[in-house]
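Novice: Sequence:
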Amino acid sequence: MQNAAILTVDDDPSVSRSVARDLRRRYGDRYRVIRAESGSTALDALREIKLRGEQVAVLLADYRMPGMNGIEFLEAAMDVFPLARRVLLTAYADTDAAINAINIVDLDHYLLKPWNPPEEKLYPVLDALLDAWLTTPAVTMPETKVVGHRWSARSFAVRDFLARNLVPYRWLRADEAEGARLLAAAGLGEADVPVVITTDGKALARPTETDLAAHVGMATTPASDLYDLAVIGGGPAGLGAAVYGASEGLRTLLVEQRATGGQAGQSSRIENYLGFPDGVSGAQLTDRARRQAQKFNAEMLTTREVVGLERQDPVTLLRFSDDTAVAAHTVVLATGVSYRLLDAPGLADLTGRGVFYGSAAIEAPNCSGEEIYIVGGANSAGQGAVYFSHFARKVHILIRGDDLTRSMSRYLIDQIEGIANIEVHPNTEVVGGEGRDHLERLTLCDRRSGRVAAVPTSWLFVFIGAEPRTDWLGDLVARDGNGFVLTGSDLLADGLRPAGWAPSRDPYHLESSMPGVFVAGDVRAGSVKRVASAVGEGAMAVSLVHRYLEGR
13 MQNAAILTVD
23 DDPSVSRSVA
33 RDLRRRYGDR
43 YRVIRAESGS
53 TALDALREIK
63 LRGEQVAVLL
73 ADYRMPGMNG
83 IEFLEAAMDV
93 FPLARRVLLT
103 AYADTDAAIN
113 AINIVDLDHY
123 LLKPWNPPEE
133 KLYPVLDALL
143 DAWLTTPAVT
153 MPETKVVGHR
163 WSARSFAVRD
173 FLARNLVPYR
183 WLRADEAEGA
193 RLLAAAGLGE
203 ADVPVVITTD
213 GKALARPTET
223 DLAAHVGMAT
233 TPASDLYDLA
243 VIGGGPAGLG
253 AAVYGASEGL
263 RTLLVEQRAT
273 GGQAGQSSRI
283 ENYLGFPDGV
293 SGAQLTDRAR
303 RQAQKFNAEM
313 LTTREVVGLE
323 RQDPVTLLRF
333 SDDTAVAAHT
343 VVLATGVSYR
353 LLDAPGLADL
363 TGRGVFYGSA
373 AIEAPNCSGE
383 EIYIVGGANS
393 AGQGAVYFSH
403 FARKVHILIR
413 GDDLTRSMSR
423 YLIDQIEGIA
433 NIEVHPNTEV
443 VGGEGRDHLE
453 RLTLCDRRSG
463 RVAAVPTSWL
473 FVFIGAEPRT
483 DWLGDLVARD
493 GNGFVLTGSD
503 LLADGLRPAG
513 WAPSRDPYHL
523 ESSMPGVFVA
533 GDVRAGSVKR
543 VASAVGEGAM
553 AVSLVHRYLE
563 GR
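Under our numbering, read the sequence shown as residues 13 to 564, first letter to last.
All clues given are correct.
Calculated cross-link-like contacts (lysine-lysine; reagent style PhoX-like; alpha-carbon spacing at most 25 angstroms):
1) K157 to K214
2) K307 to K133
3) K157 to K62
Have a look at the derived ranges for each label pair, beta carbon to beta carbon:
4) G430 to D91: 22 to 32 angstroms
5) T53 to S380: 27 to 37 angstroms
6) N494 to S555: 23 to 33 angstroms
7) D449 to G229: 31 to 41 angstroms
8) D56 to R36: 18 to 28 angstroms
9) G462 to A88: 53 to 63 angstroms
Derived by calculation from the structure, the hints in this document are not laboratory data.
For every residue, glycine included, the Cβ atom is placed at its ideal position computed from N, Cα and C.
Take the sequences, apply the hints, and build the full model.
Specialist: This is the structure:
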């Protein structure tokens, strides 16, 4: 991309020239290499590039700079070019600072000075970062626009889909001047919203998620008819299986119905995941995992729903909702769980119009100065409460139990107790909701006294229950009474293998009652509902896939 830039900043002129020289030698025919000798000068250059409508692919900043060090510069640069890949140049003595920067500014890499020879220590790193930047959908679709109504469930669904798939867009209300102008230019009216306008000027009126995916560069059609491994579900377990499968040479297909990341992808901040002492957002973790899977050539399909499995030895057919199918030698089920709907009068009609399931982080700025209500007492609810507390005037957490200790991690409880504008309401449940075009009031009930009270609010975020997405499996695989898939020794009854089991061995640890179909993550009966365990099970499933393929 001729207009894209690689910017390097170092206060040592000789080092600055050396970096720029090495970069121009390798990338000068494809990128503009810009160098600066202070953080403030570099920020001025970034703002000029932004005003010209051009792009920045990679930022390289020296850690030890007076006035504004490299971490401070990269943090400020994120506001101007959030998608640029970030590299910190550091001496060996400053590696601790570089490691900390991984979490502070979502650092992509750090390089120890000197990096000679660049062919071994500089160029491979930059090649990988540039490839990742080029394959990010947002690079090719930076100006997607969404025009819709403020309290429209369909408008929210479009915005949520784009946000969860990390596609940047600009939100415009149909009843405001610029939104109205765009609708008029497209020959559409307010009755046609939501309208999505792509960078090539195509207007999509009330688009489906499949339409959106196709127009923002996501794959929706498999490239082959046969794979070594098909992963169903793109949460942490599915992404883990895709990364390990593809990295070990298996032709790997990942199929996701809506957006990679699952419930974890919606988390505003995960602070107990190994290797991220300062926490990482679900979106950041998902983006890294997705790029990692694509690096190893895993194929990823979005907005495709698998509605059935059919064993046709030696393969399993995955049947899609549009009556097409692909075949795979092995399958990993990683469909995760969904939030249970809150069964209270009036709420169903207000879903997406003040009632939201999950964090719905795109709504956080709209909650500024208002009171919001969160239902749920597990980690996802706690993470949501902490995040929304930065925007809302008051955050109310409603739980049916006496306190949070039964279902929430201690670190989150401690955080919540230290945030003045979060209040926990024990033994409280929502028994109703009202509103005209959006939520306006909730009815709450104290479970101990039975006292009912109405509270004014336009915001309810629900994080309750864990319902497995397994109804589509029917009797294809054995499940427990709650719908979670049974695996391994749980399939054995009095030492007997499950009915119809053909192999002359017991099911492997993560194997379902259908040979060659493995299960990982929250959908598996008896699993630990944590991101780290889901990723671990995805990796473990791939090792069992190899054992299965070798033993056929």
